[in-house]
Structure formats: C-alpha cells, structure tokens
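Visitor: Keeping the supplied structure of chain S fixed, place chains D and Y upon it in accordance with the hints.
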Amino acid sequence: MEENKKTLSLLERMKQKAVEQKSYGGEYVEQSANVNTKTCPNCGAGRAQQDGLTHCAYCGFEFLSVKLTDGIHIKESDNSQNI
Amino acid sequence: MSNPLLEPIHGVSLQDYAAISAKLVSGVAQADILNALGIEPAVYEEASALWVTRMQEDQTWEVTTLYGQYFGNADQHPKLSGLNVAISEEGQANLDKLNTDRYFYEELCGARQAAYQYGLDGAQWIQENFGINLGDFQAVAMKWMEVQNADWDSVPHFASYQQQKQAAYAAKFAAEQGGNVADDVVF
Amino acid sequence: MAFTSKKATIHKTYKHKMSGFSKNKPINTQAENEQKEMQETKERFFVFIGKLEEKLKEFAAASIPELIEMNHTDTDEFKRGYLRLKSAVLGQLDSIREKASAVKEEKITYFPYASDTLEMSSAYIQFRNECYDRYSLLEDMCQEYRQRIEDTQVEDYELKYRKIVDEYEAIKDKFRCVQCGSPITIDKIYFTTTYITCPSCQTKNTFEPSSQAKLLEHIGRSLAEQRTKHILQQSDAAGKEERDLYHKAHQLRLSLIHEKNKEILHQKEKEMEELEQQRQEAASRQPILYQKYLRAMFDEWNKINPDLTNEHERFFTTLATHNNR
Chain S
1 MEENKKTLSL
11 LERMKQKAVE
21 QKSYGGEYVE
31 QSANVNTKTC
41 PNCGAGRAQQ
51 DGLTHCAYCG
61 FEFLSVKLTD
71 GIHIKESDNS
81 QNI
Chain D
84 MSNPLLEPIH
94 GVSLQDYAAI
104 SAKLVSGVAQ
114 ADILNALGIE
124 PAVYEEASAL
134 WVTRMQEDQT
144 WEVTTLYGQY
154 FGNADQHPKL
164 SGLNVAISEE
174 GQANLDKLNT
184 DRYFYEELCG
194 ARQAAYQYGL
204 DGAQWIQENF
214 GINLGDFQAV
224 AMKWMEVQNA
234 DWDSVPHFAS
244 YQQQKQAAYA
254 AKFAAEQGGN
264 VADDVVF
Chain Y
271 MAFTSKKATI
281 HKTYKHKMSG
291 FSKNKPINTQ
301 AENEQKEMQE
311 TKERFFVFIG
321 KLEEKLKEFA
331 AASIPELIEM
341 NHTDTDEFKR
351 GYLRLKSAVL
361 GQLDSIREKA
371 SAVKEEKITY
381 FPYASDTLEM
391 SSAYIQFRNE
401 CYDRYSLLED
411 MCQEYRQRIE
421 DTQVEDYELK
431 YRKIVDEYEA
441 IKDKFRCVQC
451 GSPITIDKIY
461 FTTTYITCPS
471 CQTKNTFEPS
481 SQAKLLEHIG
491 RSLAEQRTKH
501 ILQQSDAAGK
511 EERDLYHKAH
521 QLRLSLIHEK
531 NKEILHQKEK
541 EMEELEQQRQ
551 EAASRQPILY
561 QKYLRAMFDE
571 WNKINPDLTN
581 EHERFFTTLA
591 THNNR
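Protein chains in written order, with this note's numbering: chain S, 1 to 83; chain D, 84 to 270; chain Y, 271 to 595.
Isolated chain S, as found in the complex:
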C-alpha cells in the first residue's frame, strides 16, 4: 500500500512536469486558411495574371528575386517575360 502510494506520487509529479513545461519553439497555433494579394509597393497595382509572377505587370517591380522552375503548382512559365 505504502509502496503503491510512492509510485503514484512520483507518477503524479512526472505528469505535472510534462504538462506544465514550456515546449521549445512555444505553443502550436493553428492558423486557418486565408486569401491575400500582393500589391506592388512601387506603383500600387494588384498582382496581375498576365506576364508572370516574378515582376509587376505594370511597372516591372521585382516581386521575386529568383528564377522559378517547375515546382508543384508554380511552373517555369510563371517567370515574368517582359522585363
């Protein structure tokens, strides 16, 4: 009986420690899906479909400073052409 009590109190302390401890990187926050759009910081235009993703279709401002390749949904053809 006495033995069992000791085990239980040890387990209780272990449980408390597991729950109350801070996790590395902080708490996990579930974020819901959302839609946004990028506005050109240079000319204020919304990001347009024509002429690719990497540059602003109106003023040529660089949105992305990389060359896109064939990925999952983003493809090489999404590189802006008229720059």
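Misleading hints may appear alongside valid ones.
[To be verified] Using 20 Å as the maximum straight-line C-alpha spacing, the simulated SDA-like pairs for lysine to any residue come out as follows:
#1 Y/Lys458 <-> S/Asn34
#2 Y/Lys349 <-> S/Glu20
#3 S/Lys22 <-> D/Gly110
#4 D/Lys255 <-> Y/Ser357
#5 S/Lys5 <-> D/Glu259
#6 Y/Lys377 <-> D/Phe270
#7 D/Lys248 <-> Y/Asp364
#8 S/Lys75 <-> D/Pro87
[Claimed, not checked] Covered stretches of chain S, going by a simulated chain Y footprint (3 or more residues, C-beta under 8 Å):
#9 14-27
#10 30-40
#11 43-56
Rather than coming from a laboratory, the hints here were simulated on the basis of the structure. Where is the CB? At the ideal position from N, CA and C, for every residue including glycine.
Guide: Chains D and Y in isolation, oriented as in the chain S frame:
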C-alpha cells in the same frame, strides 16, 4: 552541377534551404528570412516540400550530407548570415565554448539525453540553462560530427565521457523529481 | 559492506594455503565458504531482481492508463506533453534496468573467489549463468513493458485526414478576390501556399492553406502506412518464420554432432532438408510481400496527396530497389 538532385528549386539552392531551416530552428521569423532571400511563402513552401522529396529519392546520401554541412554553416550564408536571434552574453560565451571545447559539447549532449529521460524538453532545457538555441546547437553538432568522421580513434573516449556526464545529469534530474521509482530496492 | 569483509577472509585463507600450513582442510573450507557465499549471493540476487520486477510491473501498470489518457487529452498538435511523459516513463524503466545491470556486474560478474580448482570454476560458471538468466528475464520484462508503453502512442490519421477534407469542403467556395470581390473557388486541397487567379479580374491571389492542411503530405504518409500495415506485418512474419526455421534447423544440426544411431541420423537429416525447404520458401515470400506492401503504401499516399505523385514514385523506386526489409 553533375547531380540533378542538387539543382535549385525555384532558385532556392540546397544551401539556401539548409540555412533557412537552421535560422527557423534558431527562432528567426520566417518572414525576415524570406525577405532577405527575395522570395514569398508560396515559393519557399514548394521548394521546402520538394527538397524533402529530393532527399527521399537520393540514393547516394549526397543531398542529405551536403544539407547537414550547409546547416552547420548557416552563418556563412551570403544573404542570411546577419539574421540572428538575440542571445545573452552568457549564452554567447557558452556557444563559443561549445564550438571550441569538445568536452563541453559532449557534456551538453549527455545532459540533453538525460533531460529527455526525465521528461524534460531537452532543447528547451539547454535554451533555459545555457542560453543556446537548438539551431545553434545543431549547427555546432554538425561541425563536431565532421571532426569525429575524420578521427574515429577518439570516438570511444568521447562516447564514454558523454555517458559519464549523462549519468551525472540523470542523477541530478532524479533528485529534482524526488528520486527514481526503484530507489528503495537494495541488493 | 559485509561483502568486503568476506572478501578479506577469502584473501587470508588464500595466503594461508600458499604458505603451506595445513594442507587439505583450509582449501576445502575455503571452497566450501566460497560456494556458500555464492549460493547466498545468488539467492539475494534473485530476490533483488524479483523486487525490481515488482516495481516495474507496479509502475507500468500505473503509468499506462495515464499515458492513454494523456494521449487522448493532449491538445497540442504534436502531443508534446504526452511525449514528454512517455519519455519520462521509459526513463524510469531504464533506471530499473540500469540498477539491475550495475549490481549484476558488481556482484556477479566480479564475484570474488580465490579457490583455484576446476570444481570451483565450474561452480562459478553455473552461478554466473543462473544469475545472468535471471537478469535477462528482467530485461525481457522491461522490453515487453517498453513495447506496451510505446503502444500507447496511437494517432488516428484517418481522423486527421478527415478533418482536412471536411475543412476543404467547408472553405472551398468561401473566398473572394481581394482585388474585385468576385468569388474564387479553391479547386483542390493545397498543402502549400499558392497563387490562384481570379476568373474575373485575373488578379493573382495568394491562398495560404490552414496549418492542418499544410501537414497533408506528412499525415498522408503516416495514414498510408496505417492503411497498409497488415501487408507489412505479413512481410515481417515471413521474415521471422525464416529466422525461426533457420534456428530450428541449426539446433537439429547441433544435435547431430554426437549422434551415432544411423537411423536417427537419417531421420534428422531428412527433417533438416524439409526445414531448409520451408525456410527457402519463407525467404522468397518475404521480399515479394515487402514489395507488395511498398506498392500498396505508395498507392495510398498518391491518393491522399496526388500533387506529389511523381516525387513519391521516385522515392518508391529508391526504396524498392535498395531496401529489402
């Protein structure tokens, strides 16, 4: 570049990807990292998912090995080297020591192992007690791994040192939780 | 402490023997004492291990329901609280095993005896083997409980996947173009942030999936593994069958060494042949089952996250050619 698995994905090279990962684990905000590289989350998330698949299909371990090296050298990344989280003076001193003193490194590895055995989040414990974040710790680990790979003869010596330290920290954690379950069983 | 003083006595007796005083009696007495000491040590060791086993059972019995409960109630996406407790419980199991192992080494492996007789050394070997066997029963028990503790870590990946699908159904027509306000349809489950073109004004909207949807690829593999686990188990069973048959044949081969009776020899050899045939059959069945498992697992994974089908297939090729479990 002879290995096609090493070609950049959306312009994100393996070096970029490894450095991003290291900076994220260190606690640098993703937005700051992506800004520095001139990419958006859509590009990074695709590149990240695809780098994982590259490692999966890599039969030679070349991608994974290089990833480890780049991760360890994230601070030399041309665009990301300046991005760091605040580190205390004590933390910096400990990090410097971790970089130069193999015994200290082995001690903290042992301590971290012992921490997990006693239900502590080892990474968090190192952060709280030595001021070193997991990203920096892992980066140093990569460096010591290279040292170890070049000198196999010293492995048993350091392994036994780490074990000793692990046992010492285990004893400390056991005392903190009020002992181990079978302390009253004696021969 | 009592042990050290006895060790000293043994040492004294030994010196006595060497100096040539009284020929037989001290040696016999010494050997007798040592054997008695051995017997006592063994008895104490068995009691000690028995007590540790009791502790182990008691602790595991109390922990397992707590772990099951916490696995259920931990709301953290990665169940980190539960994982910490599991790690701590396993740590206690280790502490029991380590305690037994340290005592085994000190009291059994380095049991001090001085009598330099054949009888004594064979007595020691028997003593040591009996104690080692007793210790390995504890190790087996630790292993068994370790497995039971690991088994509390269950995750219902069907449920996690269902949540992603349900969420998708709920949100797919919910969004509007940030530029012109026209409805935008999310045409499938995306697990990475992506650009979606507004059908009215052609603006590129950035769609960011929820945190749970971002885990689709990861959950997909675990779910695919969960769905096809039974085939993997068949493959593992064939592997085990092969090893068991090999072991059986090996035992039989050992028993032949001193066998003189030709009839029995013949019968056993025939038996060994049969075992070998069965072993080969199991050995050839195992990789086929493993390949079947891999194919089924990847088919499921592709169904769950079709966007990475090409990448999965290349991974499949790597595994199928380089990894025969």
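Visitor: Just to be careful, I want the Cα atoms of D/Lys255 and Y/Ser357 compared with a cutoff of 20 Å; is the pair within it?
Guide: Satisfied, since the Cα-Cα distance of roughly 17 Å is no more than 20 Å.
Visitor: Please verify whether Y/Lys458 and S/Asn34 have alpha carbons no more than 20 Å apart.
Guide: 15 Å, holds
Visitor: Does D/Gly110 lie within 20 Å of S/Lys22 when you go C-alpha to C-alpha?
Guide: 15 Å, holds
Visitor: Are there three or more residues in the region 14-27 of chain S whose C-beta lies within less than 8 Å of some C-beta in chain Y?
Guide: holds (count 8)
Visitor: Within the assertion that chain Y covers the region 30-40 of chain S, do at least three residues meet a Cβ-to-Cβ distance smaller than 8 Å?
Guide: Since 9 is at least three, the answer is holds.
Visitor: At least three residues with a C-beta closer than 8 Å to a C-beta of chain Y: is that true for the region 43-56 of chain S?
Guide: holds (count 6)
Visitor: When you check the alpha-carbon spacing of S/Lys5 and D/Glu259, does it fall within 20 Å?
Guide: 19 Å, holds
Visitor: Does S/Glu20 lie within 20 Å of Y/Lys349 when you go C-alpha to C-alpha?
Guide: 13 Å, holds
Visitor: Tell me if the straight-line CA distance from D/Lys248 to Y/Asp364 falls inside 20 Å.
Guide: 16 Å, holds
Visitor: Has the given pair, S/Lys75 with D/Pro87, been kept, meaning a C-alpha gap of at most 20 Å?
Guide: Distance ~18 Å between S/Lys75 and D/Pro87 Cα, so the pair holds.
Visitor: Does Y/Lys377 pair with D/Phe270 here, judged by a C-alpha cut-off of 20 Å?
Guide: Within the cut-off at roughly 9 Å; holds.
When held up to the earlier numbered hints, the structure conflicts with none and fits them all.
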